[in-house]
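Asker: Chain residues, written in single-letter form:
There are 2 protein chains.
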Amino acid sequence: MMNQYALGIDIGGTSIEYGIVNKKGDVIKSKDFPTKKFPTPESLVNEIYNDLININEFSSIIGIGIGAPNGNYFTGHIEYAPNLSWKGIVPLKQLFEAKFGIPTLLTNDANAAAMGEMVFGNAKDLKDFVTITLGTGVGSGVVVNGHLVYGHDGFAGEYGHIRVIPNGRKCGCQRLGCLETYCSSTGVVRSIQELDSENKPFSALSSLENPSAKDVFELAEEGDLFAEEIVEYTAQILGSSLADYACFSSPKAYVLFGGIAQHKGDFAHRVKKHLEENILIVYKNKIDIRISSLHDKNAAVLGTAAHVFWDLLQLKIN
Amino acid sequence: MMNQYALGIDIGGTSIEYGIVNKKGDVIKSKDFPTKKFPTPESLVNEIYNDLININEFSSIIGIGIGAPNGNYFTGHIEYAPNLSWKGIVPLKQLFEAKFGIPTLLTNDANAAAMGEMVFGNAKDLKDFVTITLGTGVGSGVVVNGHLVYGHDGFAGEYGHIRVIPNGRKCGCQRLGCLETYCSSTGVVRSIQELDSENKPFSALSSLENPSAKDVFELAEEGDLFAEEIVEYTAQILGSSLADYACFSSPKAYVLFGGIAQHKGDFAHRVKKHLEENILIVYKNKIDIRISSLHDKNAAVLGTAAHVFWDLLQLKIN
Chain Y
752 MMNQYALGID IGGTSIEYGI VNKKGDVIKS KDFPTKKFPT PESLVNEIYN DLININEFSS
812 IIGIGIGAPN GNYFTGHIEY APNLSWKGIV PLKQLFEAKF GIPTLLTNDA NAAAMGEMVF
872 GNAKDLKDFV TITLGTGVGS GVVVNGHLVY GHDGFAGEYG HIRVIPNGRK CGCQRLGCLE
932 TYCSSTGVVR SIQELDSENK PFSALSSLEN PSAKDVFELA EEGDLFAEEI VEYTAQILGS
992 SLADYACFSS PKAYVLFGGI AQHKGDFAHR VKKHLEENIL IVYKNKIDIR ISSLHDKNAA
1052 VLGTAAHVFW DLLQLKIN
Chain L
752 MMNQYALGID IGGTSIEYGI VNKKGDVIKS KDFPTKKFPT PESLVNEIYN DLININEFSS
812 IIGIGIGAPN GNYFTGHIEY APNLSWKGIV PLKQLFEAKF GIPTLLTNDA NAAAMGEMVF
872 GNAKDLKDFV TITLGTGVGS GVVVNGHLVY GHDGFAGEYG HIRVIPNGRK CGCQRLGCLE
932 TYCSSTGVVR SIQELDSENK PFSALSSLEN PSAKDVFELA EEGDLFAEEI VEYTAQILGS
992 SLADYACFSS PKAYVLFGGI AQHKGDFAHR VKKHLEENIL IVYKNKIDIR ISSLHDKNAA
1052 VLGTAAHVFW DLLQLKIN
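Top line first, the protein sequences correspond to chains Y and L. If you read the first sequence in my numbering, its first letter stands for residue 752, the second for the next number, and so on. If you read the second sequence in my numbering, its first letter stands for residue 752, the second for the next number, and so on.
Be careful, since some hints might not be right.
Copies of the same chain are indistinguishable here, so a pair counts whether it falls within one copy or spans any two.
Computed list of lysine to aspartate or glutamate pairs in EDC-like fashion (alpha-carbon distance at most 16 Å, straight line) [what the hints assert, rightly or not]:
no. : residue 1 : residue 2
1   : Lys787    : Glu1027
2   : Lys1003   : Asp904
3   : Lys1023   : Glu793
4   : Lys1015   : Asp1062
5   : Lys787    : Glu798
6   : Lys878    : Asp904
If you are wondering where the hints come from, they were derived from the structure by calculation, not from laboratory data.
This is chain Y alone, in the form it adopts within the complex (with noise of 0.2 Å):
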């Protein structure tokens, strides 16, 4: 059979990347940009239009799969997403329809990193997973028997904004203690300033200007008591969250993505034993706490190529 290709797009606050993926997972060219260089959602749809029409795979492209901050696959919009210029309600799928002539899915980026995880990483193996992305926020991609989980609306999947500590830190949501506030990398920043120890003063944490999750993550390592304690404090509220949300898709394993959850450290082991010293008897020892294996800058394209080749080809699991 002649290859087959998806185009998959991501789109971030900060940046856009396209990259043309073959169902091996290859990806054969790719291309980003300054999320600002577009002032409207036509230019960009035109800038990757004309960048692909002349190449050859263009007619052996079956499917565009985009990734995007409020991106609802019922409706192919990005709805009132906070971090974009692109204001309200952006159809972003019929307009690269409308260009491309090619079928084209969108979902946000959580959903695109669970479908990544299924075809071409770390949960090829598992019809039942959800995908954990720890970023500036915490959001989640929920498979049930191979499917992603939508909800009635598109929204399904908000897991970071759970909330885990009654009355706890305020979050963007307006809303307090979403499990967002502290396992982001800016709920772990919040930890250095919220959190007291003894150890603090002689932290190295102490005297970084601008101390970031990155930082913790590093001088915990390192021996930094003060650090050492906030990796902990952040993996205790992850894995007694974790084992909770067990109770509603009772997942084979929850697959961590993200900077924090790469951390060559043992944030995943700790994780995991908090999961365990809280979780309902039925599920214990069942549930693998796994790192995602596409962590690296086309992790996003090769997620929403997946999608493509997901949806439109049932690609099986191998």
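Assemble chain L onto chain Y, guided by the hints.
Answerer: Structure of chain L alone, referenced to chain Y:
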């Protein structure tokens, strides 16, 4: 087409009921027994078989549906059910299939309740909803895109064991603060003891010897202030919790089942109010709180029969 029937069987700690159900949801023959009548699962299978072998409809029974505590759809086993005298792993599906020679589906009672709601009850118009059963415990049946969520091991949908109050009430599962410890009928009874109020000394609840959840709800309607406070407290915890759980599957509705939900007072309205006050903005004003329309003595049998029609005939939503 010839009439087709399902044999629905509901297995509870106190009683076991079966019913022959047609596709319209009419129960044309039913019977119940005390659970303790059956020292072995085989004796139950034989009793029902002998009851039915000579009725006209026998050859038109297309399948058997069983709802049971700790029932596992994938294995067909009841696994370590704490309230049954049959101990360990009971391969009930296999026993029925061997005797009757027709396909048998086993699941837990809350999942069966959700199927009943979708096929015969108050969720006929829905493909994404969650049934919450408020009984001795709190159970849940989660439907996503028209399918029950079983999870990788068959034990998905344990919303009653998500911890909603940190270090809260001790639960039968040995953990603390599970939803079930507040919003089940036994949880309501615990609230009589554990809540404090200036109205408490004047409440009729203080003079009853063993007040029940039913007493609480009835007295609340009669204007007993402490009883009303308990109803409000129960609704507040349930509504606030269901708000967070929307982040899992973004359901169009929660369908409440059981005595508490059925009470003719304003419990469902109170739950809805607290849900809206606590929910993430993207879900606001989208989710119904509905009350089961199957709350009568045949609800469990209808649910298990619905499961048969749904799975075996791919009966579509009206």
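Asker: Does each hint fit the structure? Answer for all of them.
Answerer: Structure-based check of each hint:
1. In this assembly of identical chains, the alpha carbons of lysine 787 and glutamate 1027 never lie at most 16 Å apart, being 44 Å within a copy and 36 Å across copies at closest.
2. In this assembly of identical chains, lysine 1003 and aspartate 904 lie within 16 Å of each other by CA distance solely across copies; the values are 8 Å between and 26 Å within a copy.
3. Taking the shortest alpha-carbon separations for lysine 1023 and glutamate 793, neither the intra-copy value of 45 Å nor the inter-copy value of 41 Å comes in at or below 16 Å.
4. Taking identical chains as interchangeable, the C-alpha atoms of lysine 1015 and aspartate 1062 are never at most 16 Å apart, the minima being 34 Å within one chain and 46 Å between chains.
5. With identical chains, the CA atoms of lysine 787 and glutamate 798 are at most 16 Å apart within one copy only, with a shortest distance of 13 Å there and 73 Å across copies.
6. Taking the shortest alpha-carbon separations for lysine 878 and aspartate 904, only the inter-copy value of 11 Å comes in at or below 16 Å, while the best intra-copy value is 22 Å.
Hint check: violations occur at hints 1, 3 and 4; the rest are consistent with the structure.
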